[in-house]
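4 protein chains.
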Amino acid sequence: MQSRTTAPRSGRPRSAAADTAILAATREALVELGWSKLTLGDVATRAGVAKTTLYRRWAGKNELVVDAVAVLFDELELPDCGTLAADVEGVVLQFAAILARPEARSGLMAVVAESIRDEALRERIHCSIVERQKRLVLEGRARAQRRGELPPETHPGQASRTVDLIFDMVAGAVIHRTLVSAQPVDEEWVQRFTAVLLGGLAAAEG
Amino acid sequence: MQSRTTAPRSGRPRSAAADTAILAATREALVELGWSKLTLGDVATRAGVAKTTLYRRWAGKNELVVDAVAVLFDELELPDCGTLAADVEGVVLQFAAILARPEARSGLMAVVAESIRDEALRERIHCSIVERQKRLVLEGRARAQRRGELPPETHPGQASRTVDLIFDMVAGAVIHRTLVSAQPVDEEWVQRFTAVLLGGLAAAEG
Amino acid sequence: MQSRTTAPRSGRPRSAAADTAILAATREALVELGWSKLTLGDVATRAGVAKTTLYRRWAGKNELVVDAVAVLFDELELPDCGTLAADVEGVVLQFAAILARPEARSGLMAVVAESIRDEALRERIHCSIVERQKRLVLEGRARAQRRGELPPETHPGQASRTVDLIFDMVAGAVIHRTLVSAQPVDEEWVQRFTAVLLGGLAAAEG
Amino acid sequence: MQSRTTAPRSGRPRSAAADTAILAATREALVELGWSKLTLGDVATRAGVAKTTLYRRWAGKNELVVDAVAVLFDELELPDCGTLAADVEGVVLQFAAILARPEARSGLMAVVAESIRDEALRERIHCSIVERQKRLVLEGRARAQRRGELPPETHPGQASRTVDLIFDMVAGAVIHRTLVSAQPVDEEWVQRFTAVLLGGLAAAEG
DNA sequence: CTATAAACGAGACGGTACGTCGCGTCTTTGC
DNA sequence: GCAAAGACGCGACGTACCGTCTCGTTTATAG
Chain C
1 MQSRTTAPRS GRPRSAAADT AILAATREAL VELGWSKLTL GDVATRAGVA
51 KTTLYRRWAG KNELVVDAVA VLFDELELPD CGTLAADVEG VVLQFAAILA
101 RPEARSGLMA VVAESIRDEA LRERIHCSIV ERQKRLVLEG RARAQRRGEL
151 PPETHPGQAS RTVDLIFDMV AGAVIHRTLV SAQPVDEEWV QRFTAVLLGG
201 LAAAEG
Chain P
1 MQSRTTAPRS GRPRSAAADT AILAATREAL VELGWSKLTL GDVATRAGVA
51 KTTLYRRWAG KNELVVDAVA VLFDELELPD CGTLAADVEG VVLQFAAILA
101 RPEARSGLMA VVAESIRDEA LRERIHCSIV ERQKRLVLEG RARAQRRGEL
151 PPETHPGQAS RTVDLIFDMV AGAVIHRTLV SAQPVDEEWV QRFTAVLLGG
201 LAAAEG
Chain F
1 MQSRTTAPRS GRPRSAAADT AILAATREAL VELGWSKLTL GDVATRAGVA
51 KTTLYRRWAG KNELVVDAVA VLFDELELPD CGTLAADVEG VVLQFAAILA
101 RPEARSGLMA VVAESIRDEA LRERIHCSIV ERQKRLVLEG RARAQRRGEL
151 PPETHPGQAS RTVDLIFDMV AGAVIHRTLV SAQPVDEEWV QRFTAVLLGG
201 LAAAEG
Chain S
1 MQSRTTAPRS GRPRSAAADT AILAATREAL VELGWSKLTL GDVATRAGVA
51 KTTLYRRWAG KNELVVDAVA VLFDELELPD CGTLAADVEG VVLQFAAILA
101 RPEARSGLMA VVAESIRDEA LRERIHCSIV ERQKRLVLEG RARAQRRGEL
151 PPETHPGQAS RTVDLIFDMV AGAVIHRTLV SAQPVDEEWV QRFTAVLLGG
201 LAAAEG
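Protein chains in written order, with UniProt numbering: chain C, 1 to 206; chain P, 1 to 206; chain F, 1 to 206; chain S, 1 to 206.
It should be emphasised that the hints constitute simulated quantities derived from the structure, not laboratory data. Do not rely on the hints blindly, as some may be mistaken.
Any copy, or any two copies together, can satisfy a pair, since identical chains are not distinguished.
As the list claims (entries may be wrong) - In silico DSSO-like links for lysine-lysine, alpha-carbon gap of 30 angstroms or less:
no.: 1; residue 1: LYS51; residue 2: LYS134
no.: 2; residue 1: LYS51; residue 2: LYS37
no.: 3; residue 1: LYS37; residue 2: LYS61
no.: 4; residue 1: LYS61; residue 2: LYS134
no.: 5; residue 1: LYS51; residue 2: LYS61
Just so it is clear, the structure is predicted and the values come from calculations on it, not from any experiment.
Whenever a hint applies, use it, and build me the whole structure from the sequences.
Here is the structure:
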């Protein structure tokens, strides 16, 4: 079991720069063309790379776009604004700001649409994007408990289901308002939304 | 002054049966193939119609799928279960049931993704699907007010914004749980969600 | 003198003006577009006539074009210039003048090309165009015999074969020079051609 | 300085076998279907080649057919039968034999018809077919001069015009008899034609 | 300092679907 | 009862990308 993650086989190694360039080119093309008019040949050209190189690393358009978009969501951070409500409002605004970027909008939705009929793709999205951001809900709750805004877990078994519910409600509402209703996620909306969410959670828990 | 909406122009009129057959064929193809593998040529064949007939009526895949999917949502009805909470739970379950159907899942999401870069398409979706279902929120509120579960409008100016918020929260959460989280919208989830939503609204209004 | 040969059947009679307009429109379209880009729909529009009317009278593009082009060749007349050579030169120049008109060039050749695989079309061309112009050869010979430039028929059996040979040589040479070699059929060429033709005929007959 | 005409550019080279297969398939399709029903898609299928490969090499039906047909005429050879008349008769029969082949008939005429409105196509035909066969006339004359059947050039300036005239007369008459009159080019006709032609030339030159 | 082996750019390849165009037929309304 | 208008089924068009496959050319490490 001496083999490393990357076996340094003989032959020319893959260019690391190519990966970066391809992902950047993908985001650029998403912005300019949107998902449906994005072509792998065009991405390859923008990246200054042959189509072959691209196919050597990704199986297709979907996989490429997931990777290109996933990193955008890693920018999210839970701000410490003193109160739970303010923290939630802050992170919701950040999330909305990412969704306002065209590469995220077109890429994310299209890839989710494709994932409906593609189990492997759904898994990839889940790992790369969704699950990774639940950290924000967990950290938010922990911080609120530390502050005394929330009681410690009363029903530990339900904890994870509540996290999921919150995540679906937050992400769902913001996505729906942004992409379907096509309305701005401004401070006022965020305050109203946060009030309903936290008020409802308090009422339901109590 | 009895003239109808359609001026009966000269020449052979368009076959009404063709429209029906095409939309049905579109839904059938969505189920079997999903959005990305759906072909207009294939839809035409299934409908027993020439490709040109299809293009004479719809500008492209997107417009066709919007129309094919829109009617699914007209099935939604607000059940009268005696209490607001029960009514909401009922309609959320109905909504989830529609989203569980593959023609709705693949069609809806993909078309929303495309609408990001296509203003006309977004408008079409909004008119054909979104706005038409806000009736459910309005009727639910009216019924609850008749029952005395909700007070009459205190801030009439905010009423429409509250409808929008509710709609984004309900539709967003169900869609996110179904399509992104890929978890079932079962009775338990619906109850927890409804409790948070109504509790939050009550807290925020009060 | 208003009633013609056609029995005025019940119902609306066919418009005679339509035929004229359609054939004129066909020639016009041949000039502008050439054979391959000529469409029956376009001809109908130019003629101010419905496509149906056109199909009621002609079986297709080929038949229509034959009729449209055939009349051009009826203009040909054998001029009386005093000598056989001069007469031949005159008619050859006339023939070349017709072939110089684009509607004749494109229409005629294309229709001949089609006739290769279409027996009925070949027959139609033969009757409408070829056979009708052999009168020129016959009349020319008769006139020359009257003048004493040619002897009376010595081998009556060969007469028709000689007519055919002359027709093939004249029409063939002019067509080939015009359409394949794309060289002008000017006075000089006509004189040289006529000299060879008549000289050869004299030598062969003697 | 050994570089060849073809610069061996980067990338996968074009398959030479494809060219051969496509041209053969074109001739085959011409025989079976004729010009107007010949489809580039069908040719591609017959050749076992993708339609795109075909379009990568030829601009359209016309260009393809010119190339496919041109080679047929390279078979023509001036037989040495001892006398000028016999030589001419021999080559005329060969020419007629080629024109009797359906791939030549339909292809050639249609392409000539198209060339009327297409300068580039006319040029292509001229280079690939017409000009290349004038060698036969030149060689025939040279051989006859060597035999003493013809005198050396008396008017060198007229020589090329005479070649053109002969070519138009020979090719024109044979083509007209074959394709327009639809009569066989048999020995008898050839002898009569040759007699007129050579007799006329002798008379005109003398 | 080779030799070897993989990655690279370029671009041709067999495919599939596209959206359009013209054909020839049919089904309306209107004169 | 024919004509105009135009929708219809059909089939070919020429194009665009797909994902794969040669090619000739780097560029690392292994011997």
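Please work out whether the CA atoms of LYS51 and LYS37 approach to 30 angstroms or closer within one copy, between two copies, in both situations, or in neither? both (17 angstroms within a copy, 22 angstroms between copies)
Should LYS51 paired with LYS61 be assigned to within, between, both, or neither, using CA atoms and 30 angstroms as the limit? Both, since 12 angstroms and 25 angstroms are each at most 30 angstroms.
Measure nothing new, just compare the shortest in-copy and cross-copy C-alpha distances for LYS37 and LYS61 to 30 angstroms and report within, between, both or neither. For LYS37 and LYS61, both the intra-copy (11 angstroms) and inter-copy (14 angstroms) Cα distances are at most 30 angstroms.
Identical-chain pair category, LYS51 with LYS134, by Cα at 30 angstroms: Neither. Shortest intra-copy (35 angstroms) and inter-copy (47 angstroms) distances fail the 30 angstroms Cα cut-off.
If the cutoff is 30 angstroms on CA atoms, where do LYS61 and LYS134 land: within, between, both or neither? Let me know, please. within (26 angstroms within a copy, 35 angstroms between copies)
Taken one by one, the earlier hints fail for this structure only at number 1.
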